[in-house]
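Asks: Numbered per the numbering used here, the sequence shown finishes at 321, counting up by one with no gaps.
Calculated directly from the structure, the hints in this document are not laboratory data. We put the CB at the ideal spot given by N, CA and C, even for glycine. The reader is advised that the hints may include incorrect statements.
[Stated by the list, open to error] Label pairs and their in silico Cβ distance ranges:
#, residue 1, residue 2, range
1, ALA119, ALA159, 25 to 33 angstroms
2, GLU318, ASP172, 38 to 46 angstroms
3, VAL196, LEU114, 32 to 40 angstroms
4, PRO266, ILE181, 34 to 42 angstroms
5, ALA119, LYS306, 43 to 51 angstroms
6, GLY164, GLU262, 21 to 29 angstroms
7, GLN299, GLU262, 24 to 32 angstroms
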Amino acid sequence: MIALWTRLRDYVIFGMLLMVGILFMLSMNDSMTRGLRIVALEISGTVESRLAWLGTLSFALADNERLRRENARLTSQLGQTRVAMLENERLKEALGFKQDEAVQLVAGRVVARDRFGQSNFFTLDVGGSDGVEIDMAVIDVRGILGRVVQVSSGYSRVMSYLNTDFHVPAMIESTLAVGMISWSGVRRDVLLLENVVNTETVVPGQRVITHQASEVFPPFLTVGTISEVNPKPSLNSWAIEVEPAAKLHTAQFAFVVFKFEDPERLRLEQEPIP
């Protein structure tokens with residue numbers, strides 16, 4: 048019993064004092080007591096209003112953070128939508144190009160780029176299951192890009208024109224002067240049109256296109272535009288620099304050109320020479 052009273056003593060005394068205080072406050076109604084009550088109410092009201100303001104501020108900050116996150120999400124969605132619209136426009140342009148071509152094409156997306164100094168390749172997400180084979184030409188709406196050198200079921204690896212092993216017969220559109228397009232391995236914005244004799248009229252601004260002698264590229268595809276012409280010392284040919292029409296670093300979509308053989312040409316080549 049003594050142990051119980053020891054544990055509860057403080058609570059009992061506190062309860063008794065609290066009751067006495069309440070009774071005292073209720074029984075006292077003089078001017079001093081009323082003044083104390085008014086002051087206590089003012090203080091408690093002021094404290095409560097401050098606490099209410101803090102609560103409102105806390106809710107406002109939380110709501111502002113929520114709005115900030117929502118704005119970031121919507122901004123991200125808007126950016127993705129703009130990218131999708133841009134890709135859609137490029138696809139429309141590409142599809143229009145495809146419909147205008149007589150040869151059969153398959154469209155692919157550039158999914159990887161490999162740069163190894165003088166050997167530059169890129170990868171398309173179309174392959175053997177789409178009909179792609181080695182030594183097929185790869186182009187985009189602006190001009191030639193390269194040729195297929197490796198094929199798997201769903202992907203194909205392309206040797207770009209920025210490769211010292213890349214060569215394609217080409218000609219100057221306005222004069223039909225024939226040469227060979229290659230890359231020196233130095234400047235990425237310059238191809239070389241070689242073996243054009245210096246008796247041909249060559250000036251900057253002339254368009255260069257693929258020649259019928261190519262076994263990879265169909266004829267008359269755009270290669271680029273002549274940017275500089277200089278005579279080669281001790282040779283009877285021009286040193287011609289060509290700016291590529293198709294820019295590899297911005298190419299996102301490409302077309303693989305299925306091999307197209309002219310039946311008349313095949314019959315002629317197969318006929319025995321008399």
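Asks: Next, verify each hint and record whether it holds.
Replies: How the hints compare with the structure:
1. ALA119 with ALA159: 25 to 33 angstroms: holds, 30 angstroms
2. GLU318 with ASP172: 38 to 46 angstroms: holds, 42 angstroms
3. VAL196 with LEU114: 32 to 40 angstroms: Given about 53 angstroms between the Cβ atoms, the range is violated.
4. PRO266 with ILE181: 34 to 42 angstroms: violated, 21 angstroms
5. ALA119 with LYS306: 43 to 51 angstroms: holds, 50 angstroms
6. GLY164 with GLU262: 21 to 29 angstroms: holds, 27 angstroms
7. GLN299 with GLU262: 24 to 32 angstroms: This hint holds: roughly 28 angstroms between Cβ atoms.
Hint violations for this structure: numbers 3 and 4, all remaining hints satisfied.
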